[in-house]
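Q: Below are the chains, spelled out letter by letter.
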Amino acid sequence: MGLIKRVKKNFSSIFKNLFKKKTAKIGIYGPPNAGKTTLANRIIRDWTGDAMGAVSRVPHETRRARRREGVTIESNGSKVTLDIVDTPGLATKIDFQEFMAHGLEEEEAKRRAKEATEGIIEAVKWLDDLDGVILVMDTTQDPFTQVNVTVIGNMEARKLPLLIAANKIDLPESSPARIRSAFPQHPLVPISALEGQNIDTLYEEIADHFG
Amino acid sequence: MDLISEEKMAGMTAMEKIRLILDGVKKGKIIVLERGLTPSEEAKLIEMTMTEITPEDFPGIEIESYPSSQNQKLIDRIFRKPVVRTRLTVIGPANQLKTLRKDRDLISALVSSQ
Chain L
1 MGLIKRVKKN FSSIFKNLFK KKTAKIGIYG PPNAGKTTLA NRIIRDWTGD AMGAVSRVPH
61 ETRRARRREG VTIESNGSKV TLDIVDTPGL ATKIDFQEFM AHGLEEEEAK RRAKEATEGI
121 IEAVKWLDDL DGVILVMDTT QDPFTQVNVT VIGNMEARKL PLLIAANKID LPESSPARIR
181 SAFPQHPLVP ISALEGQNID TLYEEIADHF G
Chain Z
1001 MDLISEEKMA GMTAMEKIRL ILDGVKKGKI IVLERGLTPS EEAKLIEMTM TEITPEDFPG
1061 IEIESYPSSQ NQKLIDRIFR KPVVRTRLTV IGPANQLKTL RKDRDLISAL VSSQ
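Chains as they are written, first to last, in this note's numbering: chain L, 1 to 211; chain Z, 1001 to 1114.
Chain L on its own, in the form it takes in the complex (with noise of 0.2 Å):
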C-alpha cells in the first residue's frame, strides 16, 4: 500500500472512531468444545433472556453461525450495544471417525462432518465481516494451538480489539495463567461460561473493549 493510500486510511479510521458506530459486531471465536456457545447463551440469557443454540459433548455441535443483533451490555457506567455472532468452532481437520467414537453412527458422523466443514468455512468467513472478537479458549488445554494463533493473528493484522474469554476456570486442571503467558499483548479474563464465575468481569472488559 502507498504512503499516501496509508494516511488515508489512517484519517479515515481516526474519522470512524469520532463517529464510533452505536453497535459493534462480535464475532465468539475458538477450536471446537472451548465454551464458545456455552458463553454467547450466558451472554445472551443474561442481557436479553432468551438463548443462542444446543450445547453438547459432541464436538462441532454448532455447525452454523447465529447472529444475536442488539444485544445491549451495562457495566461500570459503559453501555455497548453488540450484534453478536456465535461462530462453529475453527479446527484444520474433521474425522467422522471421531464422532463415531462419541457413539454417532457411520451415516450420521459423516453428515456431521460435512455439516462440520460447512461451519468452517463460514467461521472463516465471517471474520472479514467484523469489528471484534471473543476468543474462547479452553483453559485446560495448550493455548498455541494453530486456531489461537491464526485467529489472533488475524485481528492483530486487522487492527480490530480481541478480547480472549479464558474459560472453564472451574476445572481443576485449568491454567488461565498459561494462556497470560502465551499471549501477554492481548486483555484476558479468566470465567467459567457453565458456571458464571467472574462473568461480571467479563462484562466489564466487553464494555470497554467494544464500547
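In short, the hints are calculated from the structure, not lab data.
Note that the coordinates shown come from a computational prediction; the quantities given were computed from them, not determined experimentally.
A few of these clues could be false.
Reference listing, derived: stretches of chain Z covered by chain L, where coverage requires no fewer than 3 residues with Cβ under 8 Å from a Cβ of chain L [said to hold, decoys possible]:
| hint | segment |
| --- | --- |
| 1 | 1034-1040 |
| 2 | 1100-1113 |
Computed spacing ranges between beta-carbons, pair by pair [stated by the list, open to error]:
| hint | chain 1 | residue 1 | chain 2 | residue 2 | range |
| --- | --- | --- | --- | --- | --- |
| 3 | L | His-102 | Z | Gly-1028 | 25 to 33 Å |
| 4 | Z | Thr-1013 | L | Glu-105 | 40 to 48 Å |
| 5 | L | Glu-108 | Z | Ser-1113 | 39 to 47 Å |
| 6 | L | Pro-184 | Z | Met-1001 | 18 to 26 Å |
| 7 | L | Gly-77 | Z | Asp-1103 | 38 to 46 Å |
| 8 | L | Gly-49 | Z | Met-1001 | 51 to 59 Å |
| 9 | Z | Val-1111 | L | Arg-57 | 27 to 35 Å |
| 10 | Z | Glu-1056 | L | Gly-49 | 42 to 50 Å |
| 11 | Z | Glu-1056 | L | Thr-72 | 25 to 33 Å |
| 12 | Z | Glu-1056 | L | His-102 | 26 to 34 Å |
| 13 | Z | Met-1001 | L | Gly-103 | 46 to 54 Å |
| 14 | Z | Thr-1051 | L | Gly-70 | 32 to 40 Å |
Straight line, CA to CA, 27 Å or less: simulated DSS-like cross-link-like pairs of lysine-lysine [to be verified]:
| hint | chain 1 | residue 1 | chain 2 | residue 2 |
| --- | --- | --- | --- | --- |
| 15 | L | Lys-159 | L | Lys-110 |
| 16 | L | Lys-110 | Z | Lys-1029 |
| 17 | Z | Lys-1044 | L | Lys-110 |
| 18 | Z | Lys-1008 | Z | Lys-1027 |
| 19 | Z | Lys-1008 | L | Lys-110 |
| 20 | L | Lys-110 | L | Lys-125 |
Just so it is clear, CB atoms sit at the ideal spot from N, CA and C, and this is done for glycine as well.
Fit chain Z to the known structure of chain L by using the hints.
A: Quick look at chain Z alone, frame taken from chain L:
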C-alpha cells in the same frame, strides 16, 4: 518432506501457495515453510482445506506455526503499516503428522507413515 525457502514463496500469490501446500500434503508430504504464511493466508488455507476433506481419503491437515509478530519500527507504527513477521510453519496430512507439544519457540511433532 519438502522444505520450501522464503524466496520461493515470496514470488507466489496466496492461492498459488495454498495450492502448492494442499497438493503436496494430499500426496502425503510434510511441508516445511521457512517463513510461513500470513494470518490471512492461514485462514484461507483452513477454508480451502475444508473444501477438500473427504471422509475416507483426506481428513484435513495438521498445521503448526509459531505466533507471528508485528513490526515494531517507529516509522511503521506512525503510519500504522501492518507488517506481520511470519515464522517457520510445518504442515502435513492430519493422519500422518501429530503435534506433541508446542510453545512460542518450539514445535515437537510425531510423523508417521500411512
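Q: Compare the structure with each hint and give your call.
A: Taking the hints in turn, this is what the structure says about them:
1. 1034-1040: holds (count 3)
2. 1100-1113: Per the Cβ count (4), the hint holds.
3. L:His-102 - Z:Gly-1028: 25 to 33 Å: holds (28 Å)
4. Z:Thr-1013 - L:Glu-105: 40 to 48 Å: holds (43 Å)
5. L:Glu-108 - Z:Ser-1113: 39 to 47 Å: violated (31 Å)
6. L:Pro-184 - Z:Met-1001: 18 to 26 Å: For Met-1001 (chain Z) against Pro-184 (chain L), whose Cβ atoms are near 34 Å apart, the range 18 to 26 Å is violated.
7. L:Gly-77 - Z:Asp-1103: 38 to 46 Å: Since Gly-77 (chain L) and Asp-1103 (chain Z) have Cβ atoms about 40 Å apart, the given range 38 to 46 Å holds.
8. L:Gly-49 - Z:Met-1001: 51 to 59 Å: This hint holds: roughly 55 Å between Cβ atoms.
9. Z:Val-1111 - L:Arg-57: 27 to 35 Å: Given range 27 to 35 Å: holds, Cβ gap about 30 Å.
10. Z:Glu-1056 - L:Gly-49: 42 to 50 Å: holds (46 Å)
11. Z:Glu-1056 - L:Thr-72: 25 to 33 Å: Check failed, 48 Å falls outside 25 to 33 Å.
12. Z:Glu-1056 - L:His-102: 26 to 34 Å: violated (19 Å)
13. Z:Met-1001 - L:Gly-103: 46 to 54 Å: violated (37 Å)
14. Z:Thr-1051 - L:Gly-70: 32 to 40 Å: With a Cβ separation near 34 Å, Thr-1051 (chain Z) and Gly-70 (chain L) satisfy 32 to 40 Å, so the hint holds.
15. L:Lys-159 - L:Lys-110: Violated - the C-alpha atoms of Lys-110 (chain L) and Lys-159 (chain L) are around 38 Å apart, more than 27 Å.
16. L:Lys-110 - Z:Lys-1029: With Cα atoms ~25 Å apart, Lys-110 (chain L) and Lys-1029 (chain Z) stay inside 27 Å; holds.
17. Z:Lys-1044 - L:Lys-110: holds (24 Å)
18. Z:Lys-1008 - Z:Lys-1027: Status holds; Cα separation ~20 Å.
19. Z:Lys-1008 - L:Lys-110: Violated. Lys-1008 (chain Z) to Lys-110 (chain L) sits at ~38 Å, over the 27 Å cutoff.
20. L:Lys-110 - L:Lys-125: holds (23 Å)
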